[in-house]
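In order, the protein sequences belong to chains Y and C. Using our numbering, the first residue of the first sequence is number 1, and each one after it goes up by one. Using our numbering, the first residue of the second sequence is number 1, and each one after it goes up by one.
Derived from the structure by calculation, the hints contain no laboratory data. Heads up, the beta-carbon is just placed ideally off N, CA and C, and yes, glycines get one too. Where hints are given, some of them may not hold.
Said to hold, decoys possible - Result set (BS3-like, lysine-lysine): computed pairs, CA atoms no more than 27 Å apart in a straight line:
hint: 1; chain 1: Y; residue 1: K83; chain 2: C; residue 2: K280
hint: 2; chain 1: C; residue 1: K98; chain 2: C; residue 2: K162
hint: 3; chain 1: Y; residue 1: K77; chain 2: C; residue 2: K266
hint: 4; chain 1: C; residue 1: K162; chain 2: Y; residue 2: K83
hint: 5; chain 1: C; residue 1: K174; chain 2: C; residue 2: K98
hint: 6; chain 1: C; residue 1: K280; chain 2: C; residue 2: K266
hint: 7; chain 1: C; residue 1: K174; chain 2: C; residue 2: K162
hint: 8; chain 1: Y; residue 1: K77; chain 2: C; residue 2: K280
To be verified - Some residues of chain C that are not near chain Y, with every Cβ distance over 12 Å (derived):
hint: 9; residue: G100
hint: 10; residue: D207
hint: 11; residue: P337
hint: 12; residue: A384
The lines below spell out each chain.
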Amino acid sequence: MRHALVLVALMLLAACERAPEVTFADAAITLPDDPTELPDLPGRDAVIANCTACHSPSTMLQQPAIPRARWESIIGKMTEVYKAPIDQSAVPEIVDYLLAAQAARPPERSAPDVAPTS
Amino acid sequence: MSGVRLTRRALIAGAGTTALAAPGLAQSLVGQLVDLGLPDGPSLRPTTPAFPGKGEMIVQRVNAPVLETPMSVFREGLITPNDRFFVRWNWPMPTAVKAGAHRVAVGGAVRQAVSLTLDEIAAAGEHVSIVAINQCAGNGRGLSEPRVTGTQWGNGAMGCAKWTGVRLRDVLAKAGIAAGATRVRFAGLDVPLVDGAPQFIKSIPLDIAMRDDVLVAWGMNDEPLPILHGFPLRIVVPGWFSTYWVKMLSTIEVLTGEDDSYYVAKSYRVPAAPVTPEDKDFPTIPITAMPPRAFITSHADGAVVAKGQPLTLEGIAFGGDCALERVDLVGEGWEMPCTLGPDEHGPYAFRRWSVTLPPLAGDLSQIGVRARNVQGAVQPDRLAWNPSGYARNVIERITLRAQ
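So here's chain C without its partners, still in its complex pose (with noise of 0.2 Å):
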């Protein structure tokens, strides 16, 4: 834990200096204003490229950094570049790490507790890489009706990249599991510095950190992680939302009971059963595993396409936990099968769809891609609306105007 604590009156200077840097530096910050398209708003956010390694981003706040992708960048390429990779912290993040001074500490229920150098880590096992999807939990929260709050997230809070590290189990091997391992839990130098205040500690289950492809990476898109993306080590867990891919990995610890922490217990649930807005103390299960999605990215809602022609949609998908099985095209009341582009990067990353049209006699109204897994699982034509905005996969509808 960090030594630091911060007093009132510390806290105080510190939002002092920020709303006094404020008004000149508004101009210089910001680049242009994307439209998230939140029902009733607020809806624009501001572009910057100003963040450190990032080129033109969505700023949802500067501190602690939380930074979306504009949807635009999934029509590139299948793999999201580093620069325009989503980012979020959920803490004030430190922005400066020593390699030589890293240490991960893996202890709790091991036979022998060992701190490891950043060498030690990369010398632990066999050097992986997989092409993995990484979602934030709350993506689309914004998009919920009726409205939620936390981050306001369009969709672009998930990117595709390739991470290269070493298996956890093999990490997990330097200290040697105990007997009544149930779970192993991981801790960033993400400290909060307040007093008492929950830390940003995740937890997954002993039968996952043993999957093959369960990484302590430091490889992003072949390069080092960047440090807002948690430089020097983070854990990568394909098909498992981004709330447990922990950054700045700093402490391994094998649990033997329950997780009762904050993030594990409290947040990142949701409920165990549908819900309405209306009720309450509902029971509830963490967020774990991601479901199916599909976006379109050739045309953005409100686009005028032309009248009499065959249209082309395009755009990405993925099956969350397991592999892509089919893209439709729905619309209401009818549905298309599309094309799925080659299998590239394997079952936990993107994939492109696409799908011609007859030439259209009208207006497309409400049409949207449904991506199915798989394992079966489809995505809704309702939002699973739950009270937190996690997990968003209802079909996602743009009205297309001919002319």
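If we strip away everything but chain Y, and leave its shape as in the complex, we get (with noise of 0.2 Å):
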């Protein structure tokens, strides 16, 4: 059974026999913006100094909803690994926000993801 399958897959590699061309032209595209805003809550500007060059906004605000001290560990993982040079003195202010923007947030409409085609 097992080598069957084996076989089969090895077959599935499909092998020319000789090369054909391949040509690599250089490539290049340009970005959209990024459309996600960042609620009007106070502690906004530190979060856009800090927290926005190397990520757009939606990697904060998709997050579940988390207490404090995650989000307090979120930042140090961002100054100690990922070496953001983030304002210490701003943290408490940039968590205060995160929390409020999480508190804020919408309640939201359903429209399921796999909706009928047609």
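With the hints as a guide, bring both chains together as one complex.
Quick look at the structure:
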């Protein structure tokens, strides 16, 4: 059983007799601007200044509801592991902002991902 | 390594541009909202066709790009089109690559370090194609209960494509593997712009690197790799999670010991034995091979179906690091076998399944499909919870209302 399957797998590695030509052309793209808006709450400027250079605000805003200590440890990881140059005196303000943004989330309407295609 | 360094001021300047640009662009970028079904939210995500070369994608993040495939795409075919394939970058990515100037350095424990052009890579050996699923280690993380932090994916961080390239071992042969080699490590052009931050580099054991089907690939579904998917070259490790499929490949390094780099030694790891959310300081192992999974694609949770009528359910499944053996529909205290579609693309690809239920007497509550692979791995009834939300393969359950 096992052997037969391995054989099939190898046969599917469709090997060409003579390598077809491959040509490589330069590639370039322009990424869209970031539409995620940070809610207008106290501390927003500190979040923009310290937290939006390496990733979009959605990285913060899409996290599940987490307590203060967890936010503090995430910011610690940003500083220690990812070497984010975070103004340490701004951390309490940033955490207050993230907790307030979490609490201010609007209720969500539902539109299932697997919607019928038509 | 890139010579660019980001100072605190440069970081702030970059951020300012983003913030100022945001309000006016929000409307133009956002298509519709989809609900990923993440417990207690936030679960709604915008979709957009605004990324170059991409169709309608779920936006997890614009920078660095993280895009999810809507589940409806998996109903349309077993091969995920390039323009609907999920995208995931850990650090901001280069947006331009000059093919003529690109080199792949092969070094470390080799007989003769070499720097190869793209043409030299293409000439390194026989050209091979394999259809294989590329799935993020964190696919489905957002569905974890209790919730965990990280990219809050639904189940759309996976796709199945035909990858074309040369065998990694043929590329390694250009340099010659030296005695004592243990692992092969890959790095791409995506380097962090802050000093001292860990680069996204990953390694695989030598025996995996020498496999017949582990590739240095330039083709994705018979097209050049799109830049969002790692142009000009990416590593392909069929059956293993996407984290090893390093994109924009620029360095191959043969190691003689363990890999102590961050993304192998510290991150992308799972508990060695089951843990609870209260557990701390347990041993971990790197996440590697994929377990089996199956999905219902014909019906969404909460969909209404006809009472008194037979019902046909359909979907996709895969075996993980070996072929799929069977799929069963499971309910609360009952199960029935599903019929597998033909094996169209080999052991590492999606495969169809379907099942027809007798006329429905009432709601179908908490039904799901359970895949089993030829090595006997079966999807579990309960989530193997882990703090990073990796390797989710619990049976996904939905409820259908009969009316």
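A quick look at each hint next to the structure:
no.	hint	in the structure
1	Y:K83 - C:K280	24 Å, holds
2	C:K98 - C:K162	24 Å, holds
3	Y:K77 - C:K266	12 Å, holds
4	C:K162 - Y:K83	38 Å, violated
5	C:K174 - C:K98	23 Å, holds
6	C:K280 - C:K266	15 Å, holds
7	C:K174 - C:K162	25 Å, holds
8	Y:K77 - C:K280	17 Å, holds
9	G100	8 Å, violated
10	D207	15 Å, holds
11	P337	18 Å, holds
12	A384	19 Å, holds
The structure fails to meet hints 4 and 9 from the earlier list, while all remaining hints are met.
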